[in-house]
Amino acid sequence: MPGLGHGGHDSVMLIAAAVLVIGGAIFIAISFRTRPARSGPAAFDVPKTGGSSPSVRRSLVQIMAGLSAGAAVIHLVAAPHHYGEIGDLAAGFLVAAAFQAGWTVACLSGPSGPSRRVMAIGVVGNLAIVLAWLYTRTIGLPIGPFAGSAEPVGFPDGASVVFELLLVVALVIRWRDLDLVVSRRAFARTAASIAVVPFVSLVIVLTSLATVAVASGLDHGAPSGVVSSGHASIH
Amino acid sequence: MSNTNTAMGWATLAGIVLVAAGLLGFLNTSIVGSADNALVRTDNIHNIVHLVTGLVALYIAFGLKGEQQVNAVIGFGILYVIIFVAVLVSPTLFGIFSVAANAPIHLIHAAVAVVSLAVGYMARSTASAMAR
Chain F
1 MPGLGHGGHD SVMLIAAAVL VIGGAIFIAI SFRTRPARSG PAAFDVPKTG
51 GSSPSVRRSL VQIMAGLSAG AAVIHLVAAP HHYGEIGDLA AGFLVAAAFQ
101 AGWTVACLSG PSGPSRRVMA IGVVGNLAIV LAWLYTRTIG LPIGPFAGSA
151 EPVGFPDGAS VVFELLLVVA LVIRWRDLDL VVSRRAFART AASIAVVPFV
201 SLVIVLTSLA TVAVASGLDH GAPSGVVSSG HASIH
Chain Z
1001 MSNTNTAMGW ATLAGIVLVA AGLLGFLNTS IVGSADNALV RTDNIHNIVH
1051 LVTGLVALYI AFGLKGEQQV NAVIGFGILY VIIFVAVLVS PTLFGIFSVA
1101 ANAPIHLIHA AVAVVSLAVG YMARSTASAM AR
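Protein chains in written order, with the working numbering: chain F, 1 to 235; chain Z, 1001 to 1132.
Just so you know, these hints were derived from the structure itself, not from any lab.
Here the structure is a predicted model, which is why all the values come from computation and not from measurement.
Here a beta-carbon is modelled for each residue, glycine too, at the ideal position from N, C-alpha and C.
Treat the hints with caution; some may be incorrect.
Claimed, not checked - Stretches of chain F that chain Z covers, calculated by requiring three or more beta carbons in the stretch to come under 8 Å of a beta carbon on chain Z:
1. 23–30
2. 190–196
3. 204–210
Unchecked claim - Away from chain Z, derived, C-beta distances all over 12 Å, residues of chain F:
4. 87
5. 92
6. 106
7. 117
8. 119
9. 125
10. 127
11. 152
12. 166
13. 173
14. 200
15. 213
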């Protein structure tokens, strides 16, 4: 607040803290009051149809789709910047983005998730992208203005590779039907359902931060001017 | 008010507050922003985190229902436990934030985490009671 001294500022913070604590306490109190006795009538109005815990498989599919979509967005936003650095070689970003976006749609289209064919394509495609990234980080592009010069690891490409590797792990779990094995336990179904939100939210947050990093020219850990005098790669 | 309504109400409130905090942060006001005297000191990166997670909360409130909504509220609480601990350990989130998080930020993260977990847990235990 303009003109507020330290005392006034501290008072405002105290008021904000009080509002948050009191507001939260009210919601907790309401939840506690409406919680039924163990043998009593339920106040909870879970619909009889729909809204129940999805299976572990469905939760896994949602997480896989989130990971693939996140990687696709990062590749898409990284493309224009890299066109200025490495020219047509940056088309690799668009190919990767199109592949991962298309795979996301295919993953979500089936009633029980991706088919075995779609899963195989997902594993091969994402591993190919990860290997291309690894090549540019250790050896460097074989052609282009920065040929033979290894690229430093930045936040956006690091996040994208983590998404791709986690997606491959999830696909292996799905391929071997390990999700069906754990799905027999009610606790596992609940845990998987709960895990979707933090997992997908973190992917969204990291993708957003990666997008900002690319837009700020910090995609390789340095401002744009520094990057353009260094080197770039296909990933 | 049933526990479904409570979970939805809390997700709505958290979503509105977080989205408002995110948007106000971009305006760099004395309430939220990077100014030295701002009540809640944030930079653009932190604003994006608030905005995105606020939209997630609003999706939970209006896009989900029943047990899925309750599980999502618990998941949202877990998300904010992670955020709270990460920002507590490193107020600049390992150099990502240009402005270090101050006490009200920690309070917001903690309140969202604790209330989401508590409201979700109690709503869930009700669902279990109903199943019995």
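Now the hints, each set against the structure:
1. Coverage of the region 23–30 of chain F by chain Z holds [criterion: at least 3 residues with CB-CB distance below 8 Å; count 5].
2. Against chain Z, the region 190–196 of chain F contributes 5 residues with a C-beta closer than 8 Å to a partner C-beta. That satisfies the three-residue criterion, and the hint holds.
3. Only when three residues or more bring their CB closer than 8 Å to a CB of chain Z does the claim for the region 204–210 of chain F stand; here the count is 4, and the claim holds.
4. The claim that residue 87 of chain F is not at the interface with chain Z holds, since no C-beta of that chain comes within 12 Å of its own (minimum 30 Å).
5. Listed as outside the interface, residue 92 of chain F is consistent with that label: its C-beta sits roughly 27 Å from the nearest C-beta of chain Z, beyond the 12 Å cut-off.
6. No beta-carbon of chain Z is positioned within 12 Å of the beta-carbon of residue 106 of chain F; the least distance is around 22 Å.
7. With a closest Cβ-Cβ approach of about 29 Å to chain Z, residue 117 of chain F is found to remain outside the 12 Å limit, as its non-interface label requires.
8. In this structure residue 119 of chain F is separated from chain Z by more than 12 Å, as the shortest Cβ-Cβ distance comes to about 25 Å.
9. Listed as outside the interface, residue 125 of chain F is consistent with that label: its C-beta sits roughly 27 Å from the nearest C-beta of chain Z, beyond the 12 Å cut-off.
10. At roughly 28 Å, the least C-beta separation between residue 127 of chain F and chain Z is larger than 12 Å, which holds for a residue marked as non-interface.
11. In this structure residue 152 of chain F is separated from chain Z by more than 12 Å, as the shortest Cβ-Cβ distance comes to about 15 Å.
12. In this structure residue 166 of chain F is separated from chain Z by more than 12 Å, as the shortest Cβ-Cβ distance comes to about 16 Å.
13. For residue 173 of chain F, the requirement that its beta carbon stay farther than 12 Å from each beta carbon of chain Z is met, with the minimum near 19 Å.
14. A Cβ of chain Z approaches the Cβ of residue 200 of chain F within 12 Å, the least distance being about 8 Å, so the stated non-interface status is violated.
15. Look at residue 213 of chain F: its CB is around 9 Å from the nearest CB on chain Z, not clear of 12 Å, so calling it non-interface is violated.
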